[in-house]
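Asker: Below are the chains, spelled out letter by letter.
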Amino acid sequence: MNYEIIVVGAGHAGCEAALASARKGHKTLLVTGNINNVASMPCNPSIGGSAKGIVVREIDALGGQMGKTADKTHIQIKMLNSSKGPAVRSLRAQGDKVTYPKEMLKELQNQENLDVLEAIVEDLIVENNKIGGIVLEDGTKITSNIVILTTGTYLKSDILVGDTRTRKGPNDEKPSLYLSDNLKKLGFDIIRLKTGTPPRLDRHTIDYTKTRREDGDSTPWTFSFDNEPLYDIEKQEPCYLIYTNENTHNIIMENLNKSSMYGGYVEGVGPRYCPSIEDKVVRFSDKDRHQLFLEPESLYYDDIYLQGFSTSMPYDVQEKMVHSLEGLENVKILKYAYAIEYDAINPLQMNASLESKIIENLYTAGQINGTSGYEEAAAQGLIAGINAALKLEEKEPLILKRNEAYIGVLIDDLVTKGTMEPYRLLTSRAEFRLLLRHDNADLRLRRYGYEVGLIDNERYTKLVDKENKINKLTIFLQENKVTPTKQINEYLENLNSAKLKDGITLYDLLKRPEIKITNICELFDIDYSNEILEQVEINIKYEGYIKKTIREAEKMLNLENKKIPENLDYSEIPNLASEAREKLIKVKPTSIGQAARISGVNPSDISIIMVYLKKKGC
Amino acid sequence: MNDTIVAISTPISVGAISIIRVSGDDSINIVNKVFKGKDLNTVNSHTINYGHIIDKDKIIDEVLVSIMKAPKTFTKEDIVEINCHGGIATTNKILEILLNNGCRLAEPGEFTKRAFLNGRIDLVEAESVMDLINSKTELTRKMAINGVEGKISNLIKELRQSIIEILANIEVNIDYPEYEDAIIITNNILEEKLTYIKSEINKILEKSENTKIYKDGIKIGIFGKPNVGKSSILNALLEEDKAIVTDIEGTTRDVVEGTFILNGISINIIDTAGIRKTDDIVEKIGVEKSKKIIDEVDLIIVVLNNNEELSNDDKEILEQTKNKNRIIVINKNDLERKLDIKYLKDENVITSNTLNDNGLNELKDKIIELFNIGNIEEKDLTYLSSARSISLLKKCVEIINEIDISILNDIPVDMIQIDLKNIWDILGEIIGESYSDELIDQLFTQFCLGK
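Chains A and B are the protein sequences, given in the same order. Note that the working numbering gives residue 280 to position 280 of the first sequence, counting from 1, and the numbers run on in steps of one. Offset between the second sequence (1-based) and the working numbering: plus 618.
None of these hints come from the bench; they were simulated from the model. Here the structure is a predicted model, which is why all the values come from computation and not from measurement. Note that the Cβ used here is the ideal one computed from N, Cα and C, for glycine as well. Not one of these hints is a red herring.
No more than 25 Å apart at the CA atoms, straight line, and that leaves these computed lysine-lysine pairs for BS3-like:
#1 A:Lys563 to B:Lys694
#2 A:Lys184 to A:Lys174
#3 B:Lys1039 to A:Lys417
#4 A:Lys499 to A:Lys486
#5 A:Lys548 to B:Lys1039
Pulled from the structure, derived: some chain B residues nowhere near chain A, Cβ distances all over 12 Å:
#6 Lys651
#7 Gln779
#8 Pro844
#9 Phe878
#10 Leu880
#11 Ser929
#12 Asp958
Sample of chain B residues with no beta-carbon within 10 Å of chain A, all distances over it, derived:
#13 Lys907
#14 Ile912
#15 Glu1016
For reference, chain A alone in the conformation it holds in the complex (with noise of 0.2 Å):
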């Protein structure tokens, strides 16, 4: 058998990207461990989320599939931060975990160019440091030019209840038990993470009444720019909100030595933004109660989610601290919550295209590559898939830069700075972020995954319509003027707006912050739709905010172009620092702006590489 392109693993990177590689054209072959867990969320029921949903929205800008399936599965959607600036919206769905991977398959199996195998691999197949193939747990081998891992965190994973270690995946799944060493022996450094999940629960045990609910909007919203919002508003599924208690706490005080993480028992290092309950309790113990929240996993079984809770306590402890939850006294605990150890290689070791350092032709992304979250994983995914195909192609891989998608700050951070801890994105990590937003992102993105071939001709004419309208209804306002008569001082105010002495232009009577663009079209009688207006608002409204973010911007990307050759060798500079020099030679920067974003690697060093690299003609 053979095949161009080979994907191992297919949560939700190894279907992104299985699926641009197939529909770039290339013969592509997706191997799992179980096919009924194709694009399974084995931990939190939720897609989307503070830039998790911005995200979902460049994924689907690209061309990727999480956007689409998620608007046609979930069960409740909102916006969140829709009371704070455009820059920080971003939607969050409660997805189903039984629709979400049953489409993903169905999409899978649709796709032409797509092969899907139910199979365990076991080992790489690398001939003079380039990819040839995998070979399968019982020996067999199947060559491809490239192989993109997504294994997630089935590698050498344990499940941590207690004093217990089991070697075993997310809900009982078989591990890869030798991928990791095999992957070692490549050369690839292999770090241990540590995550976590909490209990699922009987939804019918749960005493509402004690609970606080919590909707989903009312406004219709879809995560894809293609979609019609496909659900029925009315029917969207509550989550509901409670509290940890001073006896919960108690209870986890004094059986602390009980659970993994504080009786010893892991080596991986947890995120900490993902914190057992008993990490919170012991490290904020000030705090009388945190926040939990109860999510439906789905319409089809009666496991709820236990947002808040994750633990690694043994059972009989876990009992005792759910049933000290108010509206929990009484209820059926159906899976318990759980800690799990993972292998995974520091990303450090890859190329901004996903292409590894150490073995050609070989991809990694998602869980492998250190982050976690769906969300994360189908960008990596995503980008690999297309990169992949592209280096078929021979063409240049799709490398997005910070000030241009989130995918471009998650997979620029991995390489650059590595970490430590399962990497999650936040808005905080985006330094361009009012440039990187929920509205724009097709905006940003959609004409790159023209260019790679995702995305079609009529998607990309109704691109290059929105792009036409909001410059034709930008030059009208600037173009057009609004004089002080008395109708016009009038509708001012009774929007609290001051009257106008002089004519100003319709752009500078919209920077007023209580004149809406609507108001505007309201008076002179402009008819676009709703997306155009909101681009052209937030575009006249926030200009110095976004004109200032963009001279950053600008700052990096002329760093961003002082490219830094291949095969420089670093320890042929003098004067570098040696921490400096250390890490140049792990990070291989592409640039001096990628160098200079190196922790550890000064000003100096940056002055002093820049000096050499002229010496030397580059």
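Based on the hints, put chain B in the right spot on chain A.
Answerer: Chain B in isolation, oriented as in the chain A frame:
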């Protein structure tokens, strides 16, 4: 496109002429903004132009400005050189004005680096450029430590901590919108915090004592009974440096003031000739005046007569100035000692006769020691870093003023956060601390977040 850099390119000392060099695309434009004379934008390249450097219409110095347009310059960029009168105060003032008008203080070796990168210096010199950058970086590091040491550095650290707490809170509001334990930072809350931040920055600016000495000089008041020899001491100090003695108009015409330069630092000296107990009205005015002077000056010289016992007037002067920096000159040491010096234990005492050469030098040395203004050539770097700090601190104040306008315009908190983050970065630049993941670390330390 390179930003425009500035540095003082002559060693700073009491020397006659200092040269300030500016290089970059905007150099002519920036200097033109603060230059009174010909329009520098229109003069020919490689010309020298006479005029004045002004700051908000006030003339700072009479200067010669050389305009050298790219590419025939040292850095292959537009270069402007300002030849101004020497002395630390003026040179630094001009530097500060340029920094406030859009120049950036050059990094060590940056002119040479630019010259090299722009192809002006040949390859042989490359190694030495790198050595230069390297060695100067060490110096910068020391300079940063010297420049805003101790108290001020700690103040900035504290301020940064309180800013990062606000930033982390804003981030938590964004990244964890449902998290209830964090207060929601609104523009109103932000306004309050900004008032605090602004007052802290102003406090730091004020407390930059070191800088104040370089910029404003040292003020000294001379106290003592009539005929104890104050005037001759004053004249000895002033005459030697050919400073001007002026009579200050006042009710009693009794204060004489003059200025001389010591190690490049301008010393303003005030003689309180008429402060003594005569009639009631003058006493009242005199006491008020002397109190005011005591408050204002950085150093007090008390002159006592070796040949007399400590009088009540002397005791009163010693009592009034006991909490100040002071030097006691025991004059007329050629006469018999009648003064009981047991009162003067633990004081800086100089014994002299109407300040002969030895006494004069001893007094000067004492002043140098007290204000730590020795080795001025080395210390010029200290001032540079302070000038840089001050211009950065002023930039922070400017940004806060911009934020006030944004708040009026209902700009959302998450955008204003960009400005606040900028302030935090600038403060970090001053004390040489910036670490890109600091904010994220703070986020997880300050708030209990998680799924």
